[in-house]
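Trainee: Under the numbering used here, the first residue of the sequence shown is numbered -13, with each subsequent residue one higher.
Keep in mind the hints are simulated off the structure, nothing from the lab. Treat the hints with caution; some may be incorrect.
Claimed, not checked - In silico DMTMM-like pairs for lysine to aspartate or glutamate, Cα to Cα no more than 25 Å straight-line:
id	residue 1	residue 2
1	Lys511	Asp239
2	Lys13	Glu24
3	Lys203	Glu306
4	Lys511	Glu305
5	Lys203	Glu323
6	Lys369	Glu323
7	Lys395	Glu490
8	Lys402	Glu490
9	Lys510	Glu390
10	Lys102	Glu284
11	Lys487	Asp239
12	Lys504	Asp233
13	Lys332	Asp249
14	Lys203	Glu305
15	Lys310	Asp132
16	Lys332	Asp396
17	Lys(-7)	Asp94
18	Lys511	Glu457
19	Lys332	Glu485
20	Lys504	Glu474
Small disclaimer: the values here were computed from a predicted structure and weren't measured.
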Amino acid sequence: MPMLFDKALQYAYDVVDGKEVTNKYVKRQCEWFLSDLERQDSDDFAFFFDQEAVATVEGICELLNFATGIGVVGTTVLESTVGFQAFFLVNVFGWRFKSNPSKFKHRDITLFIARKNSKTWLTGLIIIILCLTEDDYSEFYSICKDRELAAEVKKAISQILNASPHILKYFTIPKTLSGKVLCKLTKSFFQPRTSDANANNGLRPSAFISDETGAFKDMDNINAMKSGQLSVRNPLRFNLTTAYAEDLSIMLDEIAYIKKVFDGLLKDERMFALLYYAEEEHLWDDTGLFQANPLRIEENYSEIRDNRKKAIEIPSCREEYLCKHMNYFLPTNSGEEFINIDDLRKCEIIDFDWSGRQVYLGLDLAQTTDNCAFAMCTEEDLKIYADVYAFIPADRMLEKNRIEKINYKDYIDAGKCFACGDNVVDYSFIEQMILDIEEKFGVIVMGCAYDRYNCLSTAQKLEAAGIRTVEAKQHSSVLHAPTKLLREKILSQEFYYLENKLLEINFQNARIVENNEKNIYLNKKKSTGKIDMIAALINSVYLLQIDVIFSPDSDWACQVI
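Work the whole structure out from these sequences, hints included.
Mentor: In structure tokens form, the structure reads like this:
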């Protein structure tokens, strides 16, 4: 019988080799797993894969049985667990700190997956294992929008235990919905909880499951649980959900953060995530079906194909199909990705000679406590070249690092971000930097486009210093053209930017929406983080369009009809 580790290893190889149909982020997690196995003996790697811990989990799984499921009822969990389930399990329990083998490497664990792919069952299984293996008197909880939904995990735990007599005798299962499942061996327990944050203060969760996080509109309940984990040796958070048609879902920010880590924009070695969703180009085909649904059950696939046929013909069925079966947050609700980070990175350059060039500046001055940015761009042979800088309040850097989950010092050291002022951004620092552009880079400044909000005083000072200023009205009728042009130039690799990881994060955050006139524009509210650098860049492109592209004598004229 293949053991969990064997199944997990084979799954990782199959994903990386393309034998298992999935998306790039699942592939990235599998690549990291294989890479970490190879480098675990390295002195500069803080973790190791504990085969003995996994063997303990395998022993427990051999005593647990499936209570439900097509073709698996009555079989052991060890026998019938499939590849992605085994991969999930061994990553949760196998990776440990070298300095403390009882401490898990992974702390924040996400399973983003379509409906009917056993996520609740898998979590119930993990809770049983934790009850048997973690410290005595550990507390485990699930939270959801309401108590009844949270109790779904308790239901899964009860079904597994009732089908497993060798393990059932060590547990007490209450009949009440909110009762505690007690492990007699360790005196640990599991309990479903309401989503009311105030009701969860004072708890001490060793692990908690945030179930159907896509339905959450704020972090209050999750933060209440996290605050109770400060004195816990292994504080685990399991983040489980399917996509929702929900504008304010906190899961949009969660997924955006995870993607930034996978794309190398941020570093988080203690994160583990499997993001099973259909890529946009595969929402209506079987590739997308396989990407979002890794539990390879043909009966489920047949049902989803039937739902797909209905969704194509009946518009009212499309939301259910896309969200629950393709695991896809609808762009109409969540905003559409501005540009794919892989496409953007093809446009990165290491150096550029600005001397003698005519440049167009763009300025985005937000509230003084927030990020500000300015960009400069030029054109040559129908190509756009750009460099962008950000500005933050110096005394708020640590706070911003914590809230935004990025390290601004790295970008300050790289020369792409400046900490100026104390608790507010010092506008005079930005103004002086703009006034020094010509001398520093040897360029000719043709003008500066600005957003009127918070920028009138700065615009007046620049104008008084001899720099032409042009207001870029923040309206789709004005910004559609430069936004569309920038995206098209990136996709055609006719846009180049100087190496800038903070700018890449801004692009990763950016979401665009489309109005009734089919005009596209950046939407800060729907974006998943700061986009000030892109706003400044678009303003600079707007001015470039006015002077160069829309000029009757320009070679660009035929490009932008």
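Trainee: Hints first: check each against the structure and report whether it holds.
Mentor: Hints, one by one, checked against the model:
no. : hint               : result
1   : Lys511 with Asp239 : holds, 12 Å
2   : Lys13 with Glu24   : holds, 17 Å
3   : Lys203 with Glu306 : holds, 19 Å
4   : Lys511 with Glu305 : holds, 22 Å
5   : Lys203 with Glu323 : holds, 20 Å
6   : Lys369 with Glu323 : holds, 23 Å
7   : Lys395 with Glu490 : holds, 16 Å
8   : Lys402 with Glu490 : holds, 12 Å
9   : Lys510 with Glu390 : holds, 15 Å
10  : Lys102 with Glu284 : holds, 12 Å
11  : Lys487 with Asp239 : holds, 19 Å
12  : Lys504 with Asp233 : holds, 20 Å
13  : Lys332 with Asp249 : holds, 14 Å
14  : Lys203 with Glu305 : holds, 19 Å
15  : Lys310 with Asp132 : holds, 19 Å
16  : Lys332 with Asp396 : holds, 22 Å
17  : Lys(-7) with Asp94 : holds, 23 Å
18  : Lys511 with Glu457 : holds, 22 Å
19  : Lys332 with Glu485 : holds, 11 Å
20  : Lys504 with Glu474 : holds, 16 Å
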